[in-house]
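A.B. asks: Residues per chain are reported as follows:
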Amino acid sequence: MRRRTILAGVAALAAAGAAALWFASAPDRLDPAVIAAAPAGDATRGEHVFWAAGCASCHAAPGVTGEARLRLAGGVALDTPFGRFVAPNVSPHPGDGIGGWSFGDFANALMRGVAPDGRHLYPAFPYTSYARMTIADVADLYAFMRTLPPVEGRAAGHEIGFPYNVRRGLGLWKWLYLTPAPAVTLPEPSPEVARGQYLVEALGHCGECHTPRNFLGGPDRTRWLAGAPAAAGPGRVPGITPGAAQVGGWSEDEIAEYLSSGFTPDFDSAGGAMAEVVLNTAELPDADRNAIAAYLKAVPPVAD
Amino acid sequence: MRLPALVVSAAMLAAATAASADPIADRKADMKERAGLLRVLAPIAQGKADFDAAVVLDALEKLDANAKATDVAVMWAEGTDKGDTKSSPRIWEDMAGFKALADKYEADVAAALAANPQDLATFQNVFGAVAANCGACHQKYRL
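Going down the list, the sequences are from chains P and H.
All letters in the first sequence, in the order written, are residues 58 to 361 by the working numbering.
All letters in the second sequence, in the order written, are residues 137 to 279 by the working numbering.
To be clear, the hints were calculated from the coordinates, so they are not data collected in a lab.
Remember, predicted model here, so these are calculated numbers, not experimental data.
Any given hint could turn out to be false.
[Said to hold, decoys possible] Listed next, with one range per pair, are the computed distances between beta-carbon atoms: (1) 183/H x 152/P: 46 to 54 Å; (2) 230/H x 94/P: 45 to 53 Å; (3) 152/P x 172/H: 50 to 58 Å; (4) 229/H x 74/P: 46 to 54 Å; (5) 229/H x 224/P: 31 to 39 Å; (6) 101/P x 240/H: 32 to 40 Å; (7) 91/P x 183/H: 45 to 53 Å.
Where a beta carbon is used, it is the ideal one built from N, C-alpha and C, also for glycine.
Let's have the full structure, built from the sequences with the hints guiding it.
C.D. replies: Okay, structure coming up:
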């Protein structure tokens with residue numbers, strides 16, 4: 058009798074625990090009021106957001122240049138310790154892309170990592186950074202992406218092993234790591250530094266590669282932008298704080314020049330994934346590149 | 137003017153053809169030489185240094201000699217993908233593609249030299265075509 062009571066108690070506790078986990082891992086969408094209150098998007102401004110957010114680096118076909126970078130068929134693969142992530146088609150194609158998505162669907166994917174059907178998206182899609190975007194920028198980006206050519210065909214699926222293929226588990230990961238709060242707190246930033254912070258931490262998602270991750274793939278914000286092993290492929294991503302061995306010594310002008318032409322102060326030129334990034338930052342106005350440089354000089358120095 | 141350039145290119149040709157013991161060190165030195173010449177040319181193209189046709193021609197001659205002396209098959213020989221190198225493993229998976237970009241760079245440098253630019257606008261035009269090769273090749277083939 059007594060034993061049965063204990064067993065029942067244990068079972069009840071386990072059920073409660075499972076229910077709590079299930080509840081905690083549920084998709085957490087944006088407040089519908091925020092979506093309803095969003096301003097109408099402007100496609101011209103949205104193109105600026107598009108380049109600053111680096112969308113083409115993963116969602117255009119690998120290695121293409123020029124106009125082809127606006128055909129967002131997906132297909133770039135990221136081979137990480139958690140498996141292979143393949144960027145999907147985000148062109149406005151109604152079936153194969155995201156042509157059927159409402160603005161709310163788009164905003165929830167970008168800022169909460171939630172697909173229209175409620176599934177969690179993998180954080181290879183940098184919604185941990187985009188969570189810091191303004192809803193106005195999301196609206197502009199949505200308007201711009203509607204103007205791009207629809208491309209037929211779906212990209213290959215992800216190849217993820219257990220337990221990472223259990224998407225529900227991502228809800229717990231998000232509970233730990235998804236926050237719209239700034240990555241670093243800067244004392245009284247100038248308007249330029251504040252703009253740079255937004256460009257680096259939200260749109261540019263620089264921290265996704267330049268900040269080290271723990272064993273769960275969560276960013277180590279105590280070592281913000283301090284450099285990390287490359288998540289996909291061999292090599293190391295350098296630190297970019299004022300304490301970094303190489304980039305730490307660059308002037309603001311030199312950083313801005315690098316983001317424009319790809320040339321370092323030593324006239325080396327950007328390689329690998331960073332060469333792709335420079336294709337995006339080269340499209341930005343000078344003021345934005347200068348703002349990024351000003352912010353990188355303002356973050357806490359960390360040796361890489 | 138001409139003679140030192142010839143001597144330099146002859147010496148580099150000799151260096152490149154001599155079966156080197158250390159291709160990784162050789163290709164680093166090769167790229168460093170390019171960077172040193174860009175340090176002369178790029179500020180002129182950017183308007184941060186004055187245009188001087190003689191300085192430009194001298195640097196373009198050296199860049200041309202360097203490009204012609206760069207033998208991809210020797211400097212990126214089979215088996216030199218391991219070690220202290222930022223050369224991407226993709227080079228050895230796609231040697232033909234890598235070689236094609238090296239050839240395009242060599243052709244663009246030769247065209248810039250042949251243009252013998254006498255004014256800033258002409259120089260900026262041909263130099264832009266040369267410099268675009270750096271990023272294009274590094275994007276694919278450098279870590």
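A.B. asks: Each hint: holds or not?
C.D. replies: Okay, the hints, checked on the actual structure:
1. 183/H x 152/P: 46 to 54 Å: 50 Å, holds
2. 230/H x 94/P: 45 to 53 Å: 50 Å, holds
3. 152/P x 172/H: 50 to 58 Å: 54 Å, holds
4. 229/H x 74/P: 46 to 54 Å: 49 Å, holds
5. 229/H x 224/P: 31 to 39 Å: Once the Cβ atoms are compared, 33 Å apart, the range 31 to 39 Å for residue 224/P and residue 229/H holds.
6. 101/P x 240/H: 32 to 40 Å: 35 Å, holds
7. 91/P x 183/H: 45 to 53 Å: Since the Cβ atoms of residue 91/P and residue 183/H sit about 46 Å apart, the hinted range of 45 to 53 Å holds.
Going down the numbered hints, you'll see the structure goes against none, and every one checks out.
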